[in-house]
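Let the sequences and hints guide you as you build the complete structure.
The listed protein sequences derive, respectively, from chains A and B. Anchor point for the first sequence: position 359 equals 359 in my numbering, and the numbering is continuous, going up by one each time. The number in my numbering is simply the position in the second sequence, starting from 1, with 1000 added.
The set of hints was computed from the structure by calculation and includes no laboratory data. These numbers come from a predicted model, not from an experiment. You may find that some hints are simply not true.
[Stated by the list, open to error] Only pairs whose alpha carbons sit at most 30 Å apart, straight line, appear in this in silico DSSO-like list of lysine-lysine:
id, chain 1, residue 1, chain 2, residue 2
1, B, Lys1149, A, Lys279
2, B, Lys1082, B, Lys1149
3, B, Lys1088, A, Lys279
If you want the building blocks of each chain, they are given just below.
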Amino acid sequence: MQTQQFLPRSQFSSLLNALQSSGYRCIGPTVRDGAIVYTDVETTADFPKGFRDRQAPGDYHLENTGDDRLFAWANGPQALKPLTFAPAEPLWRVARDSSGALAFTPFLPEPAPTAVFGVRACDLAALQIQTQHFQDDPYFQARRASLFLIAIHCSHPAATCFCAATGDGPNADTGFDLALHELDSGFLISAGSETGEQLLASLSLQAATASHQQQAVVQSEQARAVQTRSLPGHDLTTALFAQLEHPRWQALGERCLSCGNCTAVCPTCFCHAQTEHPKLDGEASLHTRQWDSCFTSGHSYIHGITLRSDTASRYRQWLTHKLGSWQAQFGRSGCVGCGRCITWCPVGIDLTEEVAQICEQAADG
Amino acid sequence: MDNPYLPREVEVIERIQESPDTFTLRLRFTDPSQHASYRYAPGQFNMLYLYGVGEVPISIVSDIEDVHMLDHTIRAVGRVTKALATLKTGARLGIRGPLGQGWPLRQAQGQDVLIVTGGLGCAPSVSVIRHILRRRGQFGHLTILQGVKHSNDLIWRDQYTTWAKQPDTQVLLAADVTTADWIGQQGLVTTLLDDVNLAATRTIVMLCGPEPMMIATIERLLADGIPPTQIWLSMERNMQCGVGHCGHCQIGPLFVCRDGPVFNYPTVAPLLGVRGF
Chain A
1 MQTQQFLPRS QFSSLLNALQ SSGYRCIGPT VRDGAIVYTD VETTADFPKG
51 FRDRQAPGDY HLENTGDDRL FAWANGPQAL KPLTFAPAEP LWRVARDSSG
101 ALAFTPFLPE PAPTAVFGVR ACDLAALQIQ TQHFQDDPYF QARRASLFLI
151 AIHCSHPAAT CFCAATGDGP NADTGFDLAL HELDSGFLIS AGSETGEQLL
201 ASLSLQAATA SHQQQAVVQS EQARAVQTRS LPGHDLTTAL FAQLEHPRWQ
251 ALGERCLSCG NCTAVCPTCF CHAQTEHPKL DGEASLHTRQ WDSCFTSGHS
301 YIHGITLRSD TASRYRQWLT HKLGSWQAQF GRSGCVGCGR CITWCPVGID
351 LTEEVAQICE QAADG
Chain B
1001 MDNPYLPREV EVIERIQESP DTFTLRLRFT DPSQHASYRY APGQFNMLYL
1051 YGVGEVPISI VSDIEDVHML DHTIRAVGRV TKALATLKTG ARLGIRGPLG
1101 QGWPLRQAQG QDVLIVTGGL GCAPSVSVIR HILRRRGQFG HLTILQGVKH
1151 SNDLIWRDQY TTWAKQPDTQ VLLAADVTTA DWIGQQGLVT TLLDDVNLAA
1201 TRTIVMLCGP EPMMIATIER LLADGIPPTQ IWLSMERNMQ CGVGHCGHCQ
1251 IGPLFVCRDG PVFNYPTVAP LLGVRGF
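Set out below in C-alpha cells:
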C-alpha cells in the first residue's frame, strides 16, 4: 500500500496551485446544466462543494447540502473517455493539386499536460481497457500520455453504481498518479506513480493519523456496502450466448429507443465512424472520426443489407458484447459498474436487471 | 508509433472492365520505395481512399510476386465503389494496408485444395487460385467450384477455361439460372460436390461467397468427413478502420478486419448464420 499523508481541507488549493505552476491544464468536476461534468478549473471554488447526486434508472438530480465536501457524489454522465478518445476529431487532411496528386497530412493531437481531478475507480478501469484497445492508435495514445490523474476513492456511490460487484471500485487501486480519500477534515493522499511522488514532495503535508486511516477504511466499507445492484458473475459469455432467442430481447427491443445514450456515456464503448469533409474548392478534404453506436442502423450496414435492422438485435449486440464476447477480446468484462447506462437511459432500462432475467433462465435450464 | 489511419498515395496504372459492373484497378505507389517494400498475402485487403468520397475495403487479387502492380477487382455497388468505377488511368488514390489475415497457404502446401466460391468472381478466391496455379508443384489436386445466380454473372470466363486446362486441376461451374451458352451445370454450387472425389484427410477447403452458400457447403463437407479445422472461409462485414478499432465488423469476439477476413471454420462456427451477428 502506498504511504498516505494528510492534506488539510484548508490546504486543498495548494495541490491545485502546485499543478498549475507545474504547467498543467487542470480539469475537474464542476456543476453545469444540472449535472456534474469535467471542465477546466481555475480555483477550488469551481469544484461542486456540498453537492450530492440522486441517481435512478432514467433519473439524475443534484442538490446542495451546504457542507464542505468537494467529491461527495458519484459520477455524472462524462467519463475520462472524451479526454483520450475524442468525441470527434480530425484524423488527417489531404491536399489535391491540379494534376490530381494527393498529399496526406496527419492531425496528431499535441495536448498540453493535463491534470484531471476526481477520477473514479470505475473510470480508471475503463481507461485501462481503452488504452489496451487503442494501443496502436497514436491519436488516443498522445492524449493518454498527457494526463496526470488524481483519483478520488469513491465515498458516495449512487443507487445505480455496482463497481463493488464488477471488482473495479469503490477504491482506486491502480492507474492513477495521485489518489485521495476525502474526509471531513481533509484528504488522505498517496502517490501511484513517480510523477505523483514528485508532486507530493512539493506539497507541505502532515502525517496521516490512525484516526484518518480508520475514517478512510470505514468510508470505503460503507461505499461498498450501500451498493445494491450487481451482475450475476464475472464471465457471462456462455450464459448470454446460450440465450440469444430469449423473449426478453424482444421486450427490450420494444422499450429501447435505440438512441445510443448508453453507448455515449459508457466509459468503455469504443465504436467510431469516419467521415469525409471535402472543401468546396476541390483542393482539400478533411477526414474525421466521431463516436458511433451499435444502436444505429448504419453500424451493421454491409453492401445494401443492415444486419441488425431491429432494436432488439442491436440491444442484444450491445449487451452480449459488453458482458460476453468482451471477455475473449480483453480478458475481462466490458462493464466497470459505473451505472451510467442505467441513469442516462431515457426509458430507464437497467442492464443489471435485464441480464439477471436473461441469465436466470440460463441457470435454470 | 506508425499512424494506421494515414493513407499513402497510389496511381491507377491500368483499368480493366471485367463485366458490366465489375472492374479491376491496377495500382502502383507513387513513391517507388513504398512500392518496393510492400508485401502482402493472398486473402489480405487494402482500404482504398477516393478523394472527397471516403474509404472502402478491397481484396488484393494480384500475385504476391507481381512486383509491378497491385490489382483490386471491385464491383460497383455502393457510394465509394460507384465513384471508383469512374476513375481513369493516371488517377490518384489513397491506400492503407495490407490488412487482415490471408489464406492458410503454409498449411495447404502438399495438400489437396478445394476452393468453393459463390457470387461474382469472389476476389479473395481468385487471389488464392492464381497463387496456387503459379506454384503448382507445391500443392496436390486443385478443385475449383464456382456458383453464380445467373450464368451471365460469371466474370473471368476465359480464366476458368484456362484454369481447367492446368495439370491436376478440376473446374466445375454451376448457375441457378442458365442461358443456352452455359458451359456448366444448373443448380446450386453444392450440387457440384456430387462430382468431386475428396480425400477427406488431406484436403484444405477455402470458401468465399454469400454466407448461406458457405454454410450449405460446410454442412455438406462435414457430412463427407472433412475435419472442421480443414475448412477456411473469407468473411465480409462493415470494415471501416481496417485495424480492429472502430467496432463495426465484429462478429461476437472477432474483429473481421483484423482477426480475419479469412477464418478457420471452428473460430466463426458459433455465430455463423445467427441472425444479427
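Here is how each hint holds up against the structure:
Restraint check for lysine 1149/B and lysine 279/A: not satisfied, since their Cα atoms lie roughly 42 Å apart, outside the 30 Å limit. Our distance criterion of 30 Å between C-alpha atoms is met by lysine 1082/B and lysine 1149/B, whose separation comes to about 22 Å. Between lysine 1088/B and lysine 279/A the alpha-carbon distance is near 22 Å, which keeps this suggested pair within the 30 Å criterion.
Violated hint for the displayed structure: number 1, the only one.
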